[in-house]
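Undergrad: Quick mapping for you: the protein sequence lines, in order, are chains H and L.
Taking the numbering used here, the leading residue of the first sequence gets 1, the next gets one more, and so forth.
Taking the numbering used here, the leading residue of the second sequence gets 1, the next gets one more, and so forth.
Treat the hints as calculated values from the structure; they're not laboratory data.
Glycine included, each C-beta is placed from N, C-alpha and C at the ideal position.
Hints are not guaranteed to be accurate.
[Said to hold, decoys possible] Derived SDA-like pairs (lysine to any residue); straight-line CA-CA distance at most 20 Å:
no., chain 1, residue 1, chain 2, residue 2
1, L, Lys29, H, Glu9
2, L, Lys29, H, Arg31
3, L, Lys66, H, Arg63
4, L, Lys149, H, Glu9
5, L, Lys66, H, Gln71
6, L, Lys66, H, Ala127
7, L, Lys149, L, Cys186
8, L, Lys29, H, Ala67
9, L, Lys29, H, Ser171
10, L, Lys149, H, Ala67
11, L, Lys66, L, Leu16
12, H, Lys65, L, Asp36
[As the list claims (entries may be wrong)] Just so you have them, the derived chain L footprint on chain H, three or more residues with Cβ under 8 Å:
no., stretch
13, 7 to 20
14, 35 to 47
15, 68 to 74
16, 166 to 178
17, 208 to 214
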Amino acid sequence: MSEEFDDDEMLAAEYAIGLLPADEMEAARRRALSDPVFSARIAEWQAVLSEIADFESVTPPVRAKTAIMHQLFPETARVSVWRRLGLWQALAGGAVAATFVLGFILWQPGPTDQAGPLYTAEIMSQAGDFRVVAVVDKIRNEVILTRTAGAAPEGRILQLWAHGPDEPAQSVGLWPDGESIRLRLPPEIAMVQGTLTLGVSEEPIGGSVTGSPSGRVFGTVDIPNVSDSI
Amino acid sequence: MRGSEDDTHKSAGAELEELISRCALGDRKAFDALYDATSAKLYAICVRILGTNAAAEDAMQDTYIKIWNNAAQYSVTGHSPMTWLITNARNTSIDRLRALREDSDLADHGDVSTGPRMTAEQSEFSVSRAGRIKDCLSSLPDDRSDGIKAAYFDGYSYADLAERANVPLNTMRTSLRRGLTALWECMTQ
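Extracted from the complex, chain H is given alone in its bound form (with noise of 0.2 Å):
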């Protein structure tokens, strides 16, 4: 809140509790978007008004959970395939570019039986400010991350995140600085067998001290059918 109770810091009241007529919520909103103050203003308000909001617990039934989880993770195989397909549609072309070139290169028969496949994925943010290309190469276990929009602020750097289907997330490990780094996968990671997750936060340097992101996280990706063979 303001140092003075100005027409700011009344608009910031009549927005956080829904006064106004729809056009100046509106104006209200979008004028948030780009006004730090003012949304920092907003923000106060919500938090003040939370706590008039702290009501005597009122156990949900039980079956509104169990449609929360049915509608966000459909278990139908054909759902996943249609949602996972979106998400490789949403592959920068560069990306998908890669897939083709570094698969072909590894999947030539070879002498060894040390060929494994290579997924490549994009994480972005849903702005389209942070973009990184991820090349999960399972011959090493190692996944290689590019830089190509975006940074972490000033001050902080990068970390990866990985998960196997209903596994808690844990940390790949940091990128510091640079364009690129090489990654070795963490045993549990290199064991998934299925959907692989990955997603990229900003964190203070020498990485999260809670073992989960603390900062903001730019975005997911989801890397079906990852498995150790061809």
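Given the structure of chain H, go ahead and fit chain L onto it with the hints provided.
TA: Positioned in the frame of chain H, the structure of chain L alone reads:
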């Protein structure tokens, strides 16, 4: 508000914060745990706004779907985890209530995460306000505190409140603005 709770709450807040950040990574177990830890609180808000009925259940479902989908944006809002969750539940319920009323003057609240993170000073500044809203609200004349609560929990705008009280819009607006000014003065004392 951030940093305003005692030690027990702080660790609970840190736990919720961790669960939300894990949801941002697509960690379903974290979402499961977040639901179990918070759904009774959030459902209570949906029930207060919409009544004990299917609409309240739907609003709670929408709230958690938004929480899952917007978890990555949580860290930039500057909110404490409970403020973020409560504001999501309240805004989602109010939007649904207004849709049910078929209000032509309909405005969705959109995402809670409208803007960037508060600075450390702003967060500190807010500490002194914590826990005072209830006392400050009850120090206002009844019609003003009732008006503010009706707007927040029943989705009434100045125009709706004026119509319900059968007074001119300007009268209602002036009265509630005085109430908000007094509320702010009480909280910043």
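Undergrad: Please go over all the hints and tell whether each is borne out by the structure.
TA: Checked hints:
{"no.": "1", "hint": "L:Lys29 to H:Glu9", "result": "40 Å, violated"}
{"no.": "2", "hint": "L:Lys29 to H:Arg31", "result": "36 Å, violated"}
{"no.": "3", "hint": "L:Lys66 to H:Arg63", "result": "18 Å, holds"}
{"no.": "4", "hint": "L:Lys149 to H:Glu9", "result": "18 Å, holds"}
{"no.": "5", "hint": "L:Lys66 to H:Gln71", "result": "12 Å, holds"}
{"no.": "6", "hint": "L:Lys66 to H:Ala127", "result": "17 Å, holds"}
{"no.": "7", "hint": "L:Lys149 to L:Cys186", "result": "17 Å, holds"}
{"no.": "8", "hint": "L:Lys29 to H:Ala67", "result": "16 Å, holds"}
{"no.": "9", "hint": "L:Lys29 to H:Ser171", "result": "16 Å, holds"}
{"no.": "10", "hint": "L:Lys149 to H:Ala67", "result": "31 Å, violated"}
{"no.": "11", "hint": "L:Lys66 to L:Leu16", "result": "16 Å, holds"}
{"no.": "12", "hint": "H:Lys65 to L:Asp36", "result": "9 Å, holds"}
{"no.": "13", "hint": "7 to 20", "result": "holds (count 8)"}
{"no.": "14", "hint": "35 to 47", "result": "holds (count 10)"}
{"no.": "15", "hint": "68 to 74", "result": "holds (count 5)"}
{"no.": "16", "hint": "166 to 178", "result": "holds (count 4)"}
{"no.": "17", "hint": "208 to 214", "result": "holds (count 5)"}
Consistency note: the structure conflicts with the earlier hints numbered 1, 2 and 10.
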